[in-house]
Amino acid sequence: GDSVTQMEGPVTLSEEAFLTINCTYTATGYPSLFWYVQYPGEGLQLLLKATKADDKGSNKGFEATYRKETTSFHLEKGSVQVSDSAVYFCALSDANAGKSTFGDGTTLTVKP
Amino acid sequence: DGGITQSPKYLFRKEGQNVTLSCEQNLNHDAMYWYRQDPGQGLRLIYYSQIVNDFQKGDIAEGYSVSREKKESFPLTVTSAQKNPTAFYLCASSRSGTGSYNSPLHFGNGTRLTVT
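As they're listed, the protein sequences go chains A and B. In terms of my numbering, the first sequence has 24 at position 24, counting the first letter as 1, and numbering is strictly consecutive. Numbers in my numbering are just positions in the second sequence, counted from 1, shifted up by 1000.
Since the hints were derived computationally from the structure, they do not count as laboratory data. This one's a predicted model, so the numbers in the text were calculated from it and none came from an experiment. Any given hint could be a false lead.
Chain A is faced by these chain B residues, among others (derived, beta-carbon under 8 Å) [what the hints assert, rightly or not]:
#	residue
1	Y1010
2	G1042
3	L1045
4	Y1048
5	I1051
6	N1053
7	N1102
8	P1104
9	G1108
10	G1110
11	T1114
For every residue, glycine included, the Cβ atom is placed at its ideal position computed from N, Cα and C.
Let's have the full structure, built from the sequences with the hints guiding it.
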């Protein structure tokens, strides 16, 4: 079945540091890939997505590239801010499965 | 504005009581989902529905029940058979049908259930 493996957290960075959160996946078909963000006490919000190989999703300074050869979708940001502190989830949606599969989430804390 | 409304935000129940969590959406989405989130863990799928009057069990359906009588509503009942019901419950929706698998999920703000 489908699965998503995320880099274990928590991750603590200083403001303006470079961020990478690794995500790899296993899927039987050709999935779409997503990053969601969850702020404390809230639901998840879509951060970015990519629907086919070599697509790059981007939003609010975050980027991720759909790498079919390495089955990866790593999240990056060049300069994090305190307001980026949240839990980040990598997920895939497979047309065959009809539902999404999530990673376990990575907690990011950015210190001033 | 379109969105998903979950109510209440906090819910307290005594052990042995059934409790129903509300989820309403005005996004005109066909598909709706219920997830459970425990501290420090990812999301686990409880039930999902691709269309009105039809739903499927997810990975952890035991002790839960749902109904989908209207497109806008997908209530979740946590029964007394659920052994560890205290958790954060998230409802989501998405477009359904051919080509919709690249559509993201839209989430509500969750209901935190505490059973003592």
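Tested hints:
Contact between Y1010/B and chain A, as hinted, is not supported at the beta carbon level, the nearest pair being about 10 Å apart and thus beyond 8 Å. Taking 8 Å as the C-beta cut-off, the interface hint given for G1042/B holds, the closest approach to chain A being about 4 Å. The interface hint given for L1045/B is met, as the beta carbon of that residue sits about 6 Å from the closest beta carbon of chain A, less than 8 Å. Satisfaction of the interface hint for Y1048/B is found here, the shortest Cβ-Cβ separation to chain A being roughly 6 Å, below the 8 Å cut-off.
The criterion of a C-beta within 8 Å of any C-beta in chain A is not met by I1051/B, whose closest approach is roughly 11 Å, and the hint is violated. Below 8 Å, beta-carbon pairs count as interface contacts, and N1053/B has none with chain A, the closest being about 17 Å; its hint is therefore violated. A cut of 8 Å between beta carbons decides the hint on N1102/B: the least distance to chain A is about 4 Å, and the hint holds. Evaluation of the P1104/B hint against chain A yields a held restraint, the C-beta minimum of about 4 Å falling below 8 Å.
At its closest, the beta carbon of G1108/B sits 5 Å from a beta carbon of chain A; the interface hint therefore holds under the 8 Å criterion. Because the beta carbon of G1110/B sits about 5 Å from the nearest beta carbon in chain A, less than 8 Å, this interface hint is met. Interface restraint check: T1114/B against chain A, minimum CB-CB distance 14 Å, threshold 8 Å, status violated.
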